[in-house]
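So the chains spell out like this:
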Amino acid sequence: MKIVSIILLALGISFGANAQFKKASVHATGLTCAMCSKATYEALESLPFVEKIDTDLDNTTFILTFKTGAPVSIDAIKGKVEDAGFSVGKLVMTANFDAVSVQNDAHVAFAGSTLHFMDVKNQVLSGDKDITVIDKDFISSKQFKKFSTETTMPCYKTGMMSDCCKTDGAAASKRIYHVTI
Amino acid sequence: MKRILIIAMIIMAGNGIAAAQELYVNTEPASNMPANSLGIRLTNKFFNMKHSGDNGMRFEPEVMWGANKRLMLHVLGYASNMMQPSVKLEGGGVYAKYRFLSLDQQHAHFRMAAYVRGAVINNPYYPEMPDGSHAMRPYDNKELDLEGVTSGVNGGIIATQLLHKLALSTTLGYSRYMNNVKDEIPDDFSRSSVNYSLSAGYLVLPVKYKSFQQTNLNLYVELLGKTNTDAVGRGSYLDIAPAVQFIFNSTTRLDLSYRTQLTGDMARNTSNSFLIRVEHNIFNIKK
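Sequence lines, in order, name chains A and B.
For the first sequence, our numbering gives the first residue as 1, with consecutive numbering after it.
For the second sequence, our numbering gives the first residue as 1001, with consecutive numbering after it.
Okay, chain A solo, but in the shape it has when bound (with noise of 0.2 Å):
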């Protein structure tokens, strides 16, 4: 038995050296043409930590899976579909967890981001999660002022470190990703 929650231990310490961000499912809305899917799709192509892009042209949703061990920009990610001229209606980030305790309203640091949990329970994520971006410019501004009515935290309107944040979860940036599950 003590040798088996070892064994466990081992395994979750090389996972949580492996925890990074492994895919993100961006729906890009505002495009109505082959060009401006194309544009999109070269746009986030340059990424320097994207290593293929599947595509669902009919939805205009980009699958990016991302290089192995390469620091992921969620923000760079949102900054290419703008410059190609359109908006992030959705952003579901696959990460991979490695028994990471989560809360509501908590920050957790993770793989170089501070997360920022939202109507979440509390529980522990483990294995390959999706988890859904939904600070400003990352979902529709209609669903943003939803969740904006939900929370008193003003770090939700800026996404940024502010007064109101728990300082437990030792913050990796002043920049904070509000996701949800």
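Rather than coming from a laboratory, the hints here were simulated on the basis of the structure.
It is possible that some hints are incorrect.
[Unchecked claim] Heads up, simulated DSS-like pairs for lysine-lysine below, C-alpha to C-alpha not over 27 Å straight-line:
#1 Lys1142(B) <-> Lys1182(B)
#2 Lys157(A) <-> Lys90(A)
#3 Lys1210(B) <-> Lys78(A)
#4 Lys1210(B) <-> Lys52(A)
#5 Lys157(A) <-> Lys1069(B)
#6 Lys1210(B) <-> Lys22(A)
#7 Lys67(A) <-> Lys1286(B)
#8 Lys1210(B) <-> Lys67(A)
#9 Lys23(A) <-> Lys52(A)
#10 Lys1208(B) <-> Lys90(A)
#11 Lys23(A) <-> Lys1286(B)
#12 Lys78(A) <-> Lys52(A)
[Said to hold, decoys possible] Now the in silico label distances, taken between C-beta atoms and shown as ranges:
#13 Pro71(A) <-> Tyr1174(B): 47 to 57 Å
#14 Leu1071(B) <-> Lys145(A): 20 to 30 Å
#15 Val1153(B) <-> Asn104(A): 23 to 33 Å
#16 Gly1155(B) <-> Asp119(A): 38 to 48 Å
Source: prediction; values computed, not measured.
Backbone N, C-alpha and C define an ideal beta-carbon position, used for all residues, glycine too.
Starting from the known structure of chain A, arrange chain B on it as the hints suggest.
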């Protein structure tokens, strides 16, 4: 007029599988080209010239650049045989468009942009006739434009709405005409005008998007109007311009359009024209 519009709307609304298109042929949408991309256009216009009975043609090479996500810039050249028997370089122009509003939703958006255009042209205001030939009819024209006819500036606002299956766009602009390089605008021409347009477009093919290699077929109907606002040379016209467009490999575009006058009281030497254009886009010019 009204009936044509209604019919067009019914066709577009009834076509459940069609998606809207806003890559208008005779006007610009409020949307911009992607940042960090380059477009090259060659436009050829053919038109009948009433005074001589000859066919005129104008050749417009154009380079377009997406400076950033809000600003795009065009540089154009003009060459034509409109004012003399053989084709010559007439001048050039610049065009800048700034998108200041963008409300994107799933399969819908509303966008607004402001634009300015400027042209420097070296052309006479009355055509030269070759020696020994006579005009079929007197040159009766009060229409000036910045696409090769006169120097000047034009500015305006564009609003584009994607509504379910219909992409509608409208432009309202004001032009101030200036003297050409060697010739002054004659006193009987209006030195300013207002331009307005309403454009509609929809995607016919492909029915279902699967790959970037699929050829797209788009259809457009555009209403293009202009009013000379000075007391001299006052007059208006409204043209209709249906167009068909092919997009190959999601990067290369072929446009064909016919433009003809619906109604108007402005004297025009040319009121019908045919346009053919090839455009190629290079995305992400800087990696």
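A quick look at each hint next to the structure:
1. Lys1142(B) <-> Lys1182(B): Satisfied, since the Cα-Cα distance of roughly 19 Å is no more than 27 Å.
2. Lys157(A) <-> Lys90(A): Holds, because 17 Å separates the two Cα atoms, which is no more than 27 Å.
3. Lys1210(B) <-> Lys78(A): Measuring from Cα to Cα gives roughly 23 Å; hence the hint holds.
4. Lys1210(B) <-> Lys52(A): holds, 17 Å
5. Lys157(A) <-> Lys1069(B): holds, 23 Å
6. Lys1210(B) <-> Lys22(A): Roughly 24 Å separates the two Cα atoms, so the pair holds.
7. Lys67(A) <-> Lys1286(B): holds, 22 Å
8. Lys1210(B) <-> Lys67(A): holds, 25 Å
9. Lys23(A) <-> Lys52(A): Judged against 27 Å, a Cα distance of about 10 Å means the pair holds.
10. Lys1208(B) <-> Lys90(A): holds, 21 Å
11. Lys23(A) <-> Lys1286(B): Holds. Lys23(A) to Lys1286(B) sits at ~25 Å (cutoff 27 Å).
12. Lys78(A) <-> Lys52(A): Holds, at roughly 17 Å.
13. Pro71(A) <-> Tyr1174(B): 47 to 57 Å: holds, 50 Å
14. Leu1071(B) <-> Lys145(A): 20 to 30 Å: holds, 29 Å
15. Val1153(B) <-> Asn104(A): 23 to 33 Å: Check failed, 58 Å falls outside 23 to 33 Å.
16. Gly1155(B) <-> Asp119(A): 38 to 48 Å: holds, 47 Å
The structure fails to meet hint 15 from the earlier list, while all remaining hints are met.
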